[in-house]
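Participant: Residues per chain are reported as follows:
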Amino acid sequence: MIERHDSVVVTTVLRLLIPVAQLFALYVLAHGHESPGGGFQAGVILGATYILLALGLGREALDRRVNEPVCLGIAVGGVLLYMLTGVAAMAGGGTFLDYSALPLPVSPVEGRFLGILFIETGVMFGVAATIVVLFCRLADRGGDA
Amino acid sequence: MSESLLAGLLFLLVVLAVIAVRAADLLLAAIALGGYGLVMALVWAALGAVDVAFTEAVVGAGATTVLFFAALLRTSRRRSPVANPLGWAAGAVVAATGATMLWVAAALPPWGDPTAAPAVHVSPRYLVATIAETGTPNAVTAVLADYRGYDTLVETVVIVTSGLACWLLLRRDPA
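Taken in sequence, the protein lines are chains A and B.
Residues in the first sequence are numbered consecutively from 1, following our numbering.
Residues in the second sequence are numbered consecutively from 1, following our numbering.
Check before you lean on any hint, since a few could be wrong.
Unchecked claim - To spell it out: a stretch of chain B is covered by chain A in this simulated footprint if at least three of its residues, at any positions, have a beta carbon under 8 Å from a beta carbon of chain A; those stretches are: (1) 21 to 34; (2) 52 to 61; (3) 67 to 80; (4) 135 to 144.
To be verified - Ranges of calculated distance between the beta carbons of each label pair, as one might list FRET restraints: (5) N67/A / V50/B: 50 to 56 Å; (6) V158/B / F96/A: 17 to 23 Å; (7) L26/A / V18/B: 34 to 40 Å; (8) V104/B / L80/A: 38 to 44 Å; (9) A17/B / E3/A: 31 to 37 Å; (10) D63/A / T75/B: 20 to 26 Å; (11) L86/B / L16/A: 47 to 53 Å; (12) R125/B / A30/A: 23 to 29 Å; (13) D63/A / A24/B: 31 to 37 Å; (14) S107/A / V122/B: 22 to 28 Å; (15) P109/B / L26/A: 35 to 41 Å; (16) L17/A / L47/B: 27 to 33 Å; (17) G73/A / V158/B: 17 to 23 Å.
I should point out that these hints are in silico values taken from the structure, not numbers from a laboratory.
Quantities reported herein were computed from a predicted structural model and do not represent experimental measurements.
Backbone N, C-alpha and C define an ideal beta-carbon position, used for all residues, glycine too.
Bound conformation, chain B alone:
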């Protein structure tokens, strides 16, 4: 995966994000957001994070887009113009945050560096022991479902609880 292709994908991400935020037609904004998820999935795949890419493709590009469409059924396709007195201040905060993140990103270890701190701590332990301990060649699955099973259990509880909360909030008869 060449770096210029990755740069092109990242540029496309910015374009789609701006469309999603600025579009007056909310259906277009939802589609742009779905495209954003699709490009994001390609970025993850380019970086070698195939499990994350898969999740991003089905959730970011698929499920959330459809849920946004369904939400649009309950409201209008047009963005209602809202005067935002904090527009410039908010823009300044966002710009400052982005600049800080770019500045900090320079201190991150290079992508794929085998001597980086995350790559020498527990990752080798999992990669070496996964098959012997769990019979599972996909180390990502073994880490998510077994070594860090508590995490995944509570994540599942969070998903179902948020679904229940939405179900209660969007009840047909708000009696």
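One chain only, chain A, in its complex shape:
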């Protein structure tokens, strides 16, 4: 079990750092069209902020916000978002994952732009939740959890 860190420096820095890092993760996701980054990197950063939370503020701080079944649901939901984007393109008359056919009131090019954003969002949730689940399982010591 990871205890809350006693140092006021650690807890204060983490309280400031974690929201900024989470905002940065969303920026990496949303700006992946223009700059390096995308759903995968955003997901790792987002997941890492929750791990930081557990490392610095104690495992209870993490458990108050998410638990493992919720994380697994988010991870699978991310994959489903990806797949549903592909299926929605089929419903719009295209082939699987042909975002230009997404049934949205936008041009085909904008549809592909948005389709990329949708699937990157799915990737972000899948990756972030998977990392948090891995950490939660590993950080529990056998008996005293």
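Take the given structure of chain A and dock chain B to it, following the hints.
Facilitator: Only chain B this time, still in chain A's reference frame:
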């Protein structure tokens, strides 16, 4: 990016890799591996592969290091001495493989060669058409998420499935 700096980074990689393999303290080994990821990210950035560098920095230097720390919570910091009867044979195989890879590397096209086979096949097609077709200036994102969307979909499935498998294997009550 000068070649001597790149050579220095590659040398640092070898040093960190040896530390990670040889360190008796596994916490030191995990930190060395995180440093390896960080230097690797710098190498990717030096080679112009910024997306790969970003991924290496957050995964190699960040996430895996923390996961190794978490794994150390469940075990001991000390490496248990294990007699390896295949030590010399394994070393010979590794040395032969490394020598083969160095030998083959001489046949690769020079870095940044615009006439190399990968640079003249589909890459120009993506670089020219990406903005017109997807409105996405970052061609790497467009290739990963759109042109090769199936790849990325199945990669995401692999990540989530491996996470589920680890979750099942590391259950609290192995009943």
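Participant: Let me make sure I understand: some of the numbered hints might not hold for this structure. Which ones are they, in numerical order?
Facilitator: 1, 5
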